[in-house]
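Asks: Taken in sequence, the protein lines are chains A and B.
With our numbering as the guide, the letters of the first sequence map in order to residues 2 to 402.
With our numbering as the guide, the letters of the second sequence map in order to residues 5 to 301.
Some clues are possibly wrong.
Just so you have them, the derived chain B footprint on chain A, three or more residues with Cβ under 8 Å [to be verified]:
no. : region
1   : 145–151
2   : 180–192
3   : 305–313
Residues from chain A that face chain B, not an exhaustive set, calculated with beta carbons under 10 Å [unchecked claim]:
no. : residue
4   : M2
5   : N5
6   : L9
7   : K300
I should point out that these hints are in silico values taken from the structure, not numbers from a laboratory.
Cβ coordinates follow ideal geometry from the N, Cα and C atoms, glycine included.
Listed below are the residues making up each chain.
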Amino acid sequence: MLKNFIFLILKSIRHRPIRSWLTVLGVIIGVMVVVTIMSLGTGIQNVISKQLNQFGNDLIIIFPGKLTESMAGFIGGMRFRDADLLNLKKIPGITTIALADIATFTVEFQGEKKSNTTHGMTWAGTKEIFEQSQGFKLAAGDFPRDDNVPEAVVGDYVANEMFKKKMGVGDEVIIKSKRFKIIGILGKTGNKEDDSSVFMSLNNQRMLTGNYAGVMMAMVRVDPRYDKEIIAEEIKFELSKQSVVEDFTVITPAKIARLAGDLLSVVELFLITLALVSLAVGAVGIMNTMYTAILERTKHIGIMKAIGASSLSILLLFLIEAGVIGIIGGLMGIAFGILLSFLLSLGFASLGVQGMFSFASLDYLGFATVLIVTFITGIVSGILPARQAAKMEPAEALRYE
Amino acid sequence: MKVSTEKKNKQPAQEPGNNEMLDVVCGMDLSEDDSIVEESYNGKIFKFCGEHCSERFKDNPEKYQKTPILRLEDLWKTFDMGGAKMHILQGMSINIWDGDFVAIVGASGSGKSTTLNMLGLLDKPTSGKVLLGGREVSSVVDEEKARLRSETFGFVFQQYNLIPWLTAYENIVLPRMFAAKTIDDKEVAARIEQVGLAGRVLHRPFELSGGEQQRVALLRALMNNPRIILADEPTGNLDSITGQNILTMLIDFNKKQKKTLVIVTHDSAIAKQADLIITMKDGKVVCDHYNHMKYYA
C-alpha cells in the first residue's frame with residue numbers, strides 16, 4: 002500500500018515540476034541556513050578558542066576606560082603613566098610587564114606607500130610575551146634587542162602581500178621620513194590585524210608620534226603558579242592609587258572567554274532565530290503548495306474517492322507528499338548548507354580568519370535531527386490542507402472545475 | 005400464480021415510506037399519484053405506478069418479493085445557495101433490482117446525476133435513506149463507504165475522469181492500488197487486449213482519443229469486479245459509432261455477467277434498451293416511466 006502511495010506521490014510531484022521545485026526551494030533555503038549556522042557555529046567557536054589561546058592564557062591586559070566603553074577610553078586619549086604600570090612589577094606572581102602603544106602611519110617600501118597600524122612596545126617584555134604567551138613564531142630574522150635602534154618586525158601580510166614586492170629581512174621601510182630596518186618577519190598568526198601590523202620599540206614609536214606622555218595599554222605576564230584573578234584584583238588595587246586614568250579595565254583570559262562566550266551565545270541565538278524563521282517560511286511554502294495542489298486536484302480527489310480511495314488514503318497521500326517535499330528539501334538543504342559553509346570559510350580565510358570549516362567537525366547527528374524536523378514540518382504543514390481534501394464528498398470534488 | 009389487474013382512482017395521501025403505498029417494482033412512493041394500477045398476487049394486493057411496472061411484476065413476481073439490490077427511500081438533497089434552499093432531489097424513492105439494466109432519463113437539472121451519485125455513495129443525502137441489499141449505507145462511516153465504492157460499484161463518467169499524470173495502464177489498475185489488492189498483470193493485459201487498447205496503455209490520457217479514454221475508464225470501473233456499474237452519460241462525449249461500442253461493452257457486462265447497470269442518459273436509443281426506465285422531473289420520479297418517450301419521439 003505504502004509502495005503504491007509513494008509511486009502515486011512521485012508521479013504527482015513530477016506532474017507539477019515547477020511548483021514542486023519552488024516549494025522544495027523554500028525548504029532548501031530554510032535548511033541551508035540552519036546547516037550553515039550549525040557548521041560555521043562550530044567553526045566560530047574553534048576560531049575564538051584559537052584566538053584566545055593565541056591571546057595567551059597567562060596574560061592580563063590593562064587598558065583605559067570601562068570594559069563596556071573601551072573604545073571611548075582609547076579614542077579619548079587617556080594614557081597611563083609608565084611608572085604607574087611598571088610599579089605593578091612589585092606584585093608577586095607578575096613576571097613581565099610590556100607597555101604598548103598603537104598608532105597609524107604611512108609605511109613606504111620601495112616607493113610604495115601603505116597605511117599601517119604600528120605597535121610600539123618595550124621589547125624586553127614583548128619578545129617573551131610574543132614567543133611564550135601568544136605563540137607568535139618568527140618566520141625569518143630575529144626580534145630587536147635594543148629599544149633605541151630603528152628596527153622593526155613586520156607581520157606576514159605586510160611582508161608578503163601588502164606591497165607589490167615582497168619584504169625581506171634587512172630591507173628598509175620609511176615611516177615619517179625615518180628609515181627602519183626590517184629585522185624580523187612574523188609567521189602567519191591567523192589574525193588579520195596582527196599579520197598586517199608593524200611592530201617597533203616604544204621609544205621609536207614615541208619619537209614618531211612625538212607623544213612621550215604614558216602609554217595606552219600594558220600586557221602583564223603572570224607566573225602560572227599564581228591565580229590570575231587574584232593578581233588582576235591586586236593590579237586594580239594598585240592602579241586605583243593613581244589618579245591619571247580613573248576608569249580602567251584589567252582583563253583576564255577567563256573574563257575574555259566569558260565575554261566571547263556571551264557574545265557567541267547572542268550571535269548563535271540570533272542566527273538560530275533567523276534559521277527558525279527561514280524554516281517557518283519553508284513550512285508556509287509547503288502549506289501554500291499543498292493548498293494549491295488540493296485546489297488543482299480537487300476533481301482528481303473526487304475521482305480517487307469514487308474508485309475506492311478512503312479519506313484516510315487521501316489524507317495519507319497528501320501528508321506523505323508534504324513529507325517527501327520536506328525530506329527532499331531537507332537533504333538538498335543539508336548538502337547546499339555544507340557547500341555554503343565551505344565557500345564562506347574560503348571567504349573568511351581570504352580575510353585572514355582560518356579554520357572556520359572542517360568536514361571532521363560537522364555535526365552529522367544534528368543534521369539528522371534537522372532532517373527529521375523538516376520531515377515533521379512538512380507533514381504538519383500538510384495536515385490542514387490534507388484534512389480538507391480528505392473530508393470532501395466525492396461528488397462535491399467531482400463537480401469542481 | 006394468480007394476478008389480477010385493477011385501475012383505481014387516487015388514494016388518500018399517506019406517509020412516505022409506507023410500504024402499502026410503494027410501487028414494488030420501481031420503488032416510487034405512490035401516495036401522491038393520480039392513478040395507481042393494482043395487482044393481486046397470492047392473495048396480496050400490489051400497487052404500481054403504471055402498466056409498465058405492472059407488466060414487469062407479472063413477468064416475474066418472485067423476483068419482486070426479494071430485497072432490491074439498491075433502494076433510495078424518500079431521499080432529499082438540498083443545497084444552500086446563499087440563503088436560498090435549492091431542492092435537487094425531493095423525496096426520491098426508487099428500487100434497482102439485481103441484474104437489471106436501468107436507464108435514468110429526464111431533462112437537464114432534473115436530478116439524474118445527483119440520483120446516480122446517491123446510488124453510488126458519492127454524495128450525502130440531506131435526508132432519506134440509501135439501502136444496499138436492504139442495509140442502510142448513506143450514514144455509514146467514510147471508510148466503509150470507500151470500501152463499498154471500491155468493491156460494489158464501478159463508475160463511468162461522461163468526462164472519463166482519468167488521472168492525467170498516470171498512464172492508461174496505471175489508471176486502469178488504480179482501484180486495485182487503493183483496495184490494496186494484488187494486480188494480476190496477465191488478467192489486466194487480457195482485458196486491455198479485449199477492448200482493443202493494447203499498445204496504448206503506456207500513453208497518458210491526453211494522448212488518447214475520447215473513445216480510448218472511455219475504454220480505459222470502463223476497464224478501471226470493472227477492475228475490482230463490481231456488482232453494479234453506474235454510468236453517467238457514458239457516451240455523451242463520443243461519436244455515435246464509438247458510443248455504440250462503449251454501450252455494447254456496458255450492456256454485455258449486464259447481460260453476460262448478470263451485473264446491474266444503471267445509466268444516466270439523454271439518449272432515447274440507449275434508454276429503450278433498458279429493463280426499466282426511470283424518468284425524472286424536478287427531483288422526483290414521474291409516474292409513467294415512459295413519459296420521456298414523447299420528448300424523444
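Asks: Hints first: check each against the structure and report whether it holds.
Replies: Now the hints, each set against the structure:
Counting residues of the region 145–151 of chain A whose CB lies closer than 8 Å to any CB of chain B gives 0, which falls below the minimum of 3, so the coverage claim is violated. Counting residues of the region 180–192 of chain A whose C-beta lies closer than 8 Å to any C-beta of chain B gives 0; at least three are required, and the coverage claim is violated. Taking a C-beta to C-beta cut-off of 8 Å, the region 305–313 of chain A contributes 9 residues in contact with chain B, enough for the three needed, and the coverage statement holds. Interface restraint check for A/M2: the shortest CB-CB distance to chain B comes to about 5 Å, inside 10 Å, so the restraint holds.
Taken as an interface hint, A/N5 checks out: its beta carbon lies about 4 Å from the nearest beta carbon of chain B, inside 10 Å. A distance limit of 10 Å between C-beta atoms decides the matter here; for A/L9 the minimum to chain B is near 7 Å, and the interface restraint holds. For A/K300, the interface hint holds, the least distance from its beta-carbon to any beta-carbon of chain B being 7 Å, beneath 10 Å.
Hint check: violations occur at hints 1 and 2; the rest are consistent with the structure.
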